[in-house]
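Those protein sequence lines, which keep their order, are chains A and B. Counting from 69, one number per residue, gives the positions in the first sequence under this note's numbering. Counting from 69, one number per residue, gives the positions in the second sequence under this note's numbering.
If you're looking for bench data, these hints aren't it; they were derived computationally from the structure. Quick caveat, the model's predicted, so the values are computed rather than measured. Hints may be right or wrong, so weigh each one.
Claimed, not checked - With a cut-off of at most 27 angstroms between alpha-carbon atoms, the simulated DSSO-like pairs for lysine-lysine come out as follows:
id	chain 1	residue 1	chain 2	residue 2
1	A	Lys267	A	Lys287
2	B	Lys163	B	Lys174
3	A	Lys365	A	Lys287
4	A	Lys237	A	Lys85
5	B	Lys330	B	Lys365
6	A	Lys174	B	Lys330
7	A	Lys330	B	Lys174
8	B	Lys163	B	Lys267
9	B	Lys330	A	Lys181
10	B	Lys267	B	Lys237
11	A	Lys330	B	Lys181
12	A	Lys365	A	Lys330
13	A	Lys174	A	Lys267
14	B	Lys85	A	Lys365
15	B	Lys237	A	Lys85
16	B	Lys174	B	Lys203
17	A	Lys358	A	Lys267
18	B	Lys365	B	Lys237
19	B	Lys365	A	Lys85
20	A	Lys237	B	Lys287
There are 2 protein chains.
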Amino acid sequence: MHYPLAINIIEAAERIKPYINRTPILTSHLINELLDADIYFKCENMQKAGAFKSRGACNTVFSLADSELQRGVATHSSGNHAAALARAASLRGVKAYMVMPEDSSKVKVEAVKSYGGIITFCIPTLEARETTLQKVINDTNAIEIHPYNNYNIISGQATAAKELIEDVKDLDIIMAPVGGGGLLSGTALSTHYFSPNTKVIAAEPEQADDAFQSFYQHKFIPSINPNTIADGLRTSLGTLTYPIIRDHVHQIVTVSEDSIVKAMRLVWERMKIIIETSSAVTVAAIMENKFEHHNQKIGIIISGGNVDLDDLPWIISK
Amino acid sequence: MHYPLAINIIEAAERIKPYINRTPILTSHLINELLDADIYFKCENMQKAGAFKSRGACNTVFSLADSELQRGVATHSSGNHAAALARAASLRGVKAYMVMPEDSSKVKVEAVKSYGGIITFCIPTLEARETTLQKVINDTNAIEIHPYNNYNIISGQATAAKELIEDVKDLDIIMAPVGGGGLLSGTALSTHYFSPNTKVIAAEPEQADDAFQSFYQHKFIPSINPNTIADGLRTSLGTLTYPIIRDHVHQIVTVSEDSIVKAMRLVWERMKIIIETSSAVTVAAIMENKFEHHNQKIGIIISGGNVDLDDLPWIISK
Chain A
69 MHYPLAINII EAAERIKPYI NRTPILTSHL INELLDADIY FKCENMQKAG
119 AFKSRGACNT VFSLADSELQ RGVATHSSGN HAAALARAAS LRGVKAYMVM
169 PEDSSKVKVE AVKSYGGIIT FCIPTLEARE TTLQKVINDT NAIEIHPYNN
219 YNIISGQATA AKELIEDVKD LDIIMAPVGG GGLLSGTALS THYFSPNTKV
269 IAAEPEQADD AFQSFYQHKF IPSINPNTIA DGLRTSLGTL TYPIIRDHVH
319 QIVTVSEDSI VKAMRLVWER MKIIIETSSA VTVAAIMENK FEHHNQKIGI
369 IISGGNVDLD DLPWIISK
Chain B
69 MHYPLAINII EAAERIKPYI NRTPILTSHL INELLDADIY FKCENMQKAG
119 AFKSRGACNT VFSLADSELQ RGVATHSSGN HAAALARAAS LRGVKAYMVM
169 PEDSSKVKVE AVKSYGGIIT FCIPTLEARE TTLQKVINDT NAIEIHPYNN
219 YNIISGQATA AKELIEDVKD LDIIMAPVGG GGLLSGTALS THYFSPNTKV
269 IAAEPEQADD AFQSFYQHKF IPSINPNTIA DGLRTSLGTL TYPIIRDHVH
319 QIVTVSEDSI VKAMRLVWER MKIIIETSSA VTVAAIMENK FEHHNQKIGI
369 IISGGNVDLD DLPWIISK
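Just chain A, with the same shape it has in the complex (with noise of 0.2 angstroms):
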């Protein structure tokens, strides 16, 4: 099995077409002249249902026959792929088993609900999650989507790179953050097929800081039990995301936890968008200076906007 193709990528923006955003493309002079750079950002925080991971799951399940959906699909999530492929699954009209962790976030939990979603919740920990996921699977016969360690998905994925490339021409940067890696591979080879001038750099909380390892040591090296406020980074990259973000991307840099709550502050407050916890270590990475940035023309690829309105970082942090 081979990394998605530039094929692939194209059939999943044509097959996801009807059911995703083509998400808009927001400026900031503000936000430039404060990070002397010119920064394009792609509003994934806009897409349906407020991530980009409707994307991957609409090209995942849309992938699939009749005959292997009919019982159902299932998976594990701290929420945004979970809402996805609720709402994907509901598109299709099919079963969606989520396995959540009992501290997901609410909106997370609503959202899901709100597309049909059947949640089993579990204790927070890779483990715990897998192992539930496996016993309802047992259960119902549901076949699973993996939130990233799929090509189906990382196909869908880099569709939100592919519209940012064809809408901002000539990009030195694009940026993703990196959690599984799904967004991430996905975004990077998008960028190598459609945009191979532009160099791909991502950002992970330091702790979170499985990919920036893995590339660095050139091995995969999980994380255990990670213990960051961007909920949605906390998996570990996958046997699959691995490979294709060590040979695509360029750059993995790695950001604090007060600086991820001041960019998403920043960006609150200067571009008027809400943005969750996890879009924001590529604007902090910028803040902190973690790579040349200066004078460069980067895409930033805003993952999503689920953020529960009555637990902001800054006001519980008091």
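Given chain A's structure and the hints, the job is docking chain B onto it.
Chain B in isolation, oriented as in the chain A frame:
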């Protein structure tokens, strides 16, 4: 002196072009489904200084002669006009004296300071604002730039609706909030000149309903110290804005405080954009079924996005 003409609005748009953003127009399938309408949000929350006020302030400051501006500009404002005027003055290289009520939101005070505005605080009544401003003008000989009772301001604010009309064809309705009436009168004139088949519907807090009262009692009725969470809408109509509104607005509806907060939160959660309380009254009017909105193509001018993120209405109300 006659109302601003179409040519005045066209000239205003040319004059301010280098200094303002052509703001994006965003849509949300989910909001459309929830509200059973086809809604286009003109995002003046993403305007320079975070509100449509930059349009009128730039148009006015860049319409004046150097000789008129040499002692600086002065105004009273709860915030967005002050920030916009301070910014416009700074772009033109002149001083800006601002009288602000002492309960102005922190973020709005900071914005004025960031543009070099010189602030005098006063108690939050119209009388105190006016007498304090008079004293400042006596001391400085600055030229007063009224927040809305000024045809250059009105022509500037009118450019937001002009852009909306250019970008979205065949709107059935254009909505704007109404406080002092600068945005609403400008919106009504642009609609009259550039899209005469479109209806203009304004929304106002029940607890600051002077425009509603004036409109339906066919005489100018000021509001006395109104109490609404929509801090930008506490001002009364002006002698220049009232007649334009009387002649060119089709309907004014009022909304409750509770629905303003609900509408604000709905837009934050579903559209992932940050809008201030004053911008939420239009959405609240649709949620409250205050006019025939079903299946209508509606353009809404989202007036601003300056919110104190430490002080959100759904959190302090706990």
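Problem - 27 angstroms Cα cutoff - pair B:Lys330, A:Lys181 - result: Distance ~21 angstroms between B:Lys330 and A:Lys181 Cα, so the pair holds.
Handout entry: Satisfaction of hint between B:Lys267 and B:Lys163, Cα-Cα up to 27 angstroms
Key = violated (40 angstroms)
Practice task
Could you grab the alpha-carbon distance between B:Lys365 and B:Lys237 and see if it respects the 27 angstroms cut-off?
Solution key: Holds, at roughly 9 angstroms.
Practice task
Given the hint that B:Lys174 pairs with B:Lys203, test it: the Cα-Cα distance must not exceed 27 angstroms.
Solution key: Measuring from Cα to Cα gives roughly 24 angstroms; hence the hint holds.
Practice task
Quickly compare the C-alpha distance for A:Lys365 and A:Lys330 to 27 angstroms and report which way the hint goes.
Solution key: holds (22 angstroms)
Handout entry: Restraint status (C-alpha distance of A:Lys330 to B:Lys174 at most 27 angstroms)
Key = holds (18 angstroms)
Problem - Restraint status (C-alpha distance of B:Lys267 to B:Lys237 at most 27 angstroms) - result: holds (13 angstroms)
Handout entry: A:Lys358 paired with A:Lys267 [C-alpha distance capped at 27 angstroms]
Key = holds (15 angstroms)
Practice task
Would you check the hint for B:Lys330 and B:Lys365, treating anything up to 27 angstroms between C-alpha atoms as holding?
Solution key: The given pair, whose Cα atoms are some 22 angstroms apart, holds under the 27 angstroms limit.
Practice task
Take the C-alpha atoms of A:Lys174 and B:Lys330, compute the straight-line distance between them, and say whether it is at most 27 angstroms.
Solution key: OK: A:Lys174 and B:Lys330 at ~18 angstroms, within 27 angstroms.
Handout entry: 27 angstroms Cα cutoff - pair B:Lys365, A:Lys85
Key = holds (24 angstroms)
Handout entry: Satisfaction of hint between B:Lys174 and B:Lys163, Cα-Cα up to 27 angstroms
Key = holds (22 angstroms)
Taken one by one, the earlier hints fail for this structure at numbers 3, 8, 13 and 20, listed in ascending order.
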